[in-house]
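Engineer: Listed here are the chains, written in short residue letters.
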Amino acid sequence: MMDAEERELFAKGIQHATASRSGADLDAALADLGWKDALATDPATTVATLFEHQGAAATTSSALDVVLADALQVDLDGSTGMLLPPLGSTAPPAALVDGVLSVRGLSTSGLATRARALVVSDDAGGTTAHVVDVASLDVRSVRGIDPGLGLVEVTGTAVPHVDAVAATEGWPGAVAAGQRALAHELVGVSRTMLRLAREHALDRVQFDRPIAGFQAVRHRLAESFVAIEAADAAAGAACDDGTPLTAALAKAVAGRSARTVARHAQQVLAGIGFTTEHPLHLSIRRALVLDHLLGASRSLTGSLGADLLRDRRLPNLLPL
Amino acid sequence: MDLAEFRAALDLWLDEHDAELAPGAGETMDEEMAHLATVKRLAFDAGWMRWGWPERVGGLGGSTLLRGYLGEALTARGLVEPGLYSLTEVLAPTMIDYARPELAAEMVPRLLRGDETWCQGFSEPGTGSNLAALACAATRVDDGWSVSGQKVWTSLAQYAQRCVLLTRTGGPDSAHRGITALFVDMDSPGITVRPIETMHGREEFCEVFFDDVLVPGDRTLGGEGQGWAVAMDLLPFERSTALWHRGAHLHRSLETLLQAADPGTLRPDEVGEAFQQLFALRARSRATQHRMAAGDRLGPETSVDKILLATLEQQVFDLALDGLTDEVLLGDDPDAERWRSRYLYSRSATIYGGSAEIQRNIVARRLLDLGPDR
Chain Y
3 MMDAEERELF AKGIQHATAS RSGADLDAAL ADLGWKDALA TDPATTVATL
53 FEHQGAAATT SSALDVVLAD ALQVDLDGST GMLLPPLGST APPAALVDGV
103 LSVRGLSTSG LATRARALVV SDDAGGTTAH VVDVASLDVR SVRGIDPGLG
153 LVEVTGTAVP HVDAVAATEG WPGAVAAGQR ALAHELVGVS RTMLRLAREH
203 ALDRVQFDRP IAGFQAVRHR LAESFVAIEA ADAAAGAACD DGTPLTAALA
253 KAVAGRSART VARHAQQVLA GIGFTTEHPL HLSIRRALVL DHLLGASRSL
303 TGSLGADLLR DRRLPNLLPL
Chain X
4 MDLAEFRAAL DLWLDEHDAE LAPGAGETMD EEMAHLATVK RLAFDAGWMR
54 WGWPERVGGL GGSTLLRGYL GEALTARGLV EPGLYSLTEV LAPTMIDYAR
104 PELAAEMVPR LLRGDETWCQ GFSEPGTGSN LAALACAATR VDDGWSVSGQ
154 KVWTSLAQYA QRCVLLTRTG GPDSAHRGIT ALFVDMDSPG ITVRPIETMH
204 GREEFCEVFF DDVLVPGDRT LGGEGQGWAV AMDLLPFERS TALWHRGAHL
254 HRSLETLLQA ADPGTLRPDE VGEAFQQLFA LRARSRATQH RMAAGDRLGP
304 ETSVDKILLA TLEQQVFDLA LDGLTDEVLL GDDPDAERWR SRYLYSRSAT
354 IYGGSAEIQR NIVARRLLDL GPDR
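Chains as they are written, first to last, in the working numbering: chain Y, 3 to 322; chain X, 4 to 377.
None of the hints are false.
Stretch-level coverage of chain X by chain Y, calculated; a stretch enters the list once three of its residues show a Cβ under 8 Å from a Cβ in chain Y: (1) 69–75; (2) 306–320.
Stretch by stretch, here's where chain X covers chain Y in the computed footprint (C-beta under 8 Å, at least three residues): (3) 203–214; (4) 220–230; (5) 251–258; (6) 296–305.
Hints listed in this document are in silico derivations from the structure and should not be mistaken for laboratory results.
Every value quoted in this text rests on a predicted model; they were computed, and no experiment measured them.
Just so you know, even glycine gets a beta-carbon here, dropped at the ideal spot from N, CA and C.
Can you make the complete structure from the sequences, with help from the hints?
Structural biologist: Given below as structure tokens:
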């Protein structure tokens, strides 16, 4: 565990790095900050700090790869990337049938510069983690609604592979770790949207007063604040709890919250927030895609509800 | 005693005494109040109700988390109704902080043990959200105060032996500076209580009339003119431990609903969202409980907890109307009456204890620093 002083120092370093860098450049800065050691000693604080700042700055790194691999107990070296499930899915991004590996998933832009990728597959006996050569995969860069995120779409059939971890039970744990990280990142994205809307509301004068004086505007901002605080509390509690169930809860709450904040912030920022001359659109784009990585709030909510209706029992979570 | 130890021992005691603690079949307010007093007395005499309260008011000391867990356990098992039970969590801290030490030592144990019920005289016909405009007047007399005026929405006043009352002691324009809090005996001559029947079929709150009611000077809470501070310190308690208990109640209500509703009547996405929001509320409220236990001063940030609670309460009982439509709309057996009553009560969640609009105003002004709204 970090003490208060170490936490503050770490947060300052992360804030500085995420504010000015992205991609491989940010990966290098994070390595200098020793974030992987921090992840080992104090995962909750490290994930919360790094991903919230990354979201707030709408920047990118390959930290999510490391978080997933770490949960699989694989140490990703600098030349290995990690494959994520396709958009909206939490299933492993590959299937192993009769020894033949086929791949369909997403990864961060860093994959193009890596020699190898860690790929988890579904097979008859469970899930297995494999190392494959990136050259054997079809890697297509995705622009889509958020070009800045630099996602790549990865496919491959009959991909040559070696088993990295013979048979891992760890996939649900890896998804959960990723969902917690993304929940914090969505909180960061949301905080930036609210900050931009708040600043605008205080600066923009109409009818001889700042529009922050109008209750309709104030209540949109208050609503956004409440949504963010709820998502933040849920993400923190999911880190304390550590189970896949609470990770999915936190991810869904954060995704829904980010969409609420996006709606209110865009309305408060009105015309200027609809242009590319103002940075709001960057955060809105990021929120939409992050909400759909490792399970979308909508599908997570529906499947949770179906489980609860089937079990007719509610789990008792978060003891005082 | 630490929380883990307390939890284990209390759970065991609750298992063993389930029969004595269980509510009877009766559903009237009188029966419910009598049952609440029984539960508090049994829990006090066994020591549970005393943990988390200072020794100088009859408590046994220890973290405030202990009383957080006690209320949660009683609520989760359906042994108490959190709205009635948690008034203790709101009024006892006020007495501890502002009453003369001897008065607090004499009175607080009676509240904890269920020997007495107390009420909170804040709102007036002309003063709801704008508390600083209250008019109920206290004027100096020889050995204390003479109070004349009216309060409304005073919960449980018809059962109460005492009232924490806000009065106007400054001039008409003294606003929040001219308010003084008094601890008033409800059997004082000149007090008239008229219960108001609510939409959910209960006489839960009252109008209270004060006609030259004499209140001794040593019943002043804090000093003259400190009533605003008393109120501002009290209100966050409405949104901390009391909310933690209410969250446990919503958990129980949602689970009971899943068991009672016909399959196919509830939409999975709506059930899923309600449980996710319950998790978020619990996470937030749990953090508030831990801050309180660490000695932090609670303030406007508790409005976030209240907004989450109020929104969720209506969400859960909207689901109850979907899942138990016949019971809520047409049923007349006790079970249906209970669901109907709770559905209707949930409509007030965005009104009582500071309306949804007031809570958002607090967030905008105090937490987002948006400046004045006019």
